[in-house]
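Colleague: Each chain, letter by letter, is given below.
There are 2 protein chains.
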Amino acid sequence: MNIAILLSGRGSNFLAIKEAIDNGAISNAQIVCVISNKEQAAGLESARNFGMNAIFLNPADYKYIENGVSYFDRNAYDSALLDLLKANNVDLVCLAGYMRVVTEAVINEYAGRIINIHPSLLPSFPGIDAQKQALNYGAKVSGCTVHFVDKGVDTGPIIMQTTVPVFQDDNEHELSKRILAEEHKLYIKAIALYTKGLLKIEGRKVSVVS
Amino acid sequence: MNIAILLSGRGSNFLAIKEAIDNGAISNAQIVCVISNKEQAAGLESARNFGMNAIFLNPADYKYIENGVSYFDRNAYDSALLDLLKANNVDLVCLAGYMRVVTEAVINEYAGRIINIHPSLLPSFPGIDAQKQALNYGAKVSGCTVHFVDKGVDTGPIIMQTTVPVFQDDNEHELSKRILAEEHKLYIKAIALYTKGLLKIEGRKVSVVS
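Protein chains in written order, with this note's numbering: chain L, 1 to 210; chain H, 1 to 210.
Since the hints were derived computationally from the structure, they do not count as laboratory data. Check before you lean on any hint, since a few could be wrong.
A pair counts as met if it fits within one copy or between any two copies, since identical chains are not told apart.
Said to hold, decoys possible - Cross-link-like lysine to aspartate or glutamate pairs, in silico, EDC-like; alpha carbons within 16 Å at most: (1) Lys205 / Glu172; (2) Lys205 / Asp170; (3) Lys151 / Glu104; (4) Lys205 / Asp154.
Computed from a predicted structure; not experimentally measured.
With the rest of the complex left out, here is chain L:
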């Protein structure tokens, strides 16, 4: 099974996935490309250093001009992304801190084959700064969620969730670190089930077939 990783930052979940493939925790899978919308993403640099297929897909190359104003062409960008995924025979797309909404064209083509990890117990605290949202809300429990990606922001069917406590003297850094440690474990478990063909989606319900 060919995995593509999409990332925008350091890609700590990418590194966890790579290690899990290397040590056999995720079987029947290989990472065929690591794609980023950020040239300076540390995760892209890591991929390069591993000798992996590391691709910077430059948003600046996808623009359109309207009334003399230049706009980012999201559809053209994702069309190029889709071409890359197809060219690499990608079976599963794993978002790993990819700070860009994937458009409908990609989601439709890869329905049930794009997964994401989000640092909250969805549906609580979707979108950016989930850990900060949890702290500001005064939640006493948070966690992380691995889910299939649909057209909404962090709204797709949930594969797995795990919880972490929020302590009353927590700050964003501490809570993020606590959640991130769980993210690595949870994402690997979910991907391992996926690559073994054990996940079944029915409507919003994801179950593990036995």
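Got chain L sorted already, so can you dock chain H onto it with the hints?
Modeller: Below, chain H without anything else, positioned relative to chain L:
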């Protein structure tokens, strides 16, 4: 500390609170009245059987007529409720399956002194049928939340939360039962902190003072 219980159904949380007061898990407190908007509420009957001050506050007695149509007068009802709370020198109002939104007059008068337990990890799944909402969403984790009551529906500052797993073959009954067992424990812990004067509210953050 004088506690009022408001309930509409069997009041299993009321029974758990009563037991905790009886066995000392909640100290410095007594239940001075159990109030219900439902005459047939089993919780009200239990209170009567214990010889407690069990009060049915009949919604049918609070109506106003407009253009010949009779409406429930929510404000008049809650004004009577407020009178009851004051007459009983109530310090803390515990909602225990009270299926009615408490109006602003009561909330303002008892700011920081009304608490509720809700069968989900708020802010996920507020309002009615929280367990069913969690199942329909395909959540893998749910739980319960004790919170101060504010003007919104299940939006007040969170005191405590605890989690339960959602199993893939769960139904509403099984999940509700699993959550309810945790509700009893969590509500008692939160009330015990309250009656000891150990809870501090700052904005949305509730902390335990040491």
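Colleague: Is it within, between, both or neither when you check lysine 151 against glutamate 104 at 16 Å Cα-Cα?
Modeller: Close inside one copy (6 Å), not across copies (38 Å); limit 16 Å.
Colleague: Please sort lysine 205 with aspartate 154 into within, between, both or neither, judging by C-alpha distance up to 16 Å.
Modeller: within (15 Å within a copy, 25 Å between copies)
Colleague: Within a copy, between copies, both or neither: which one fits lysine 205 and aspartate 170 at a CA-CA cutoff of 16 Å?
Modeller: between (33 Å within a copy, 11 Å between copies)
Colleague: Are the CA atoms of lysine 205 and glutamate 172 at most 16 Å apart within a copy, between copies, both, or neither?
Modeller: between (31 Å within a copy, 14 Å between copies)
In terms of the numbered hints stated before, the structure departs from none.
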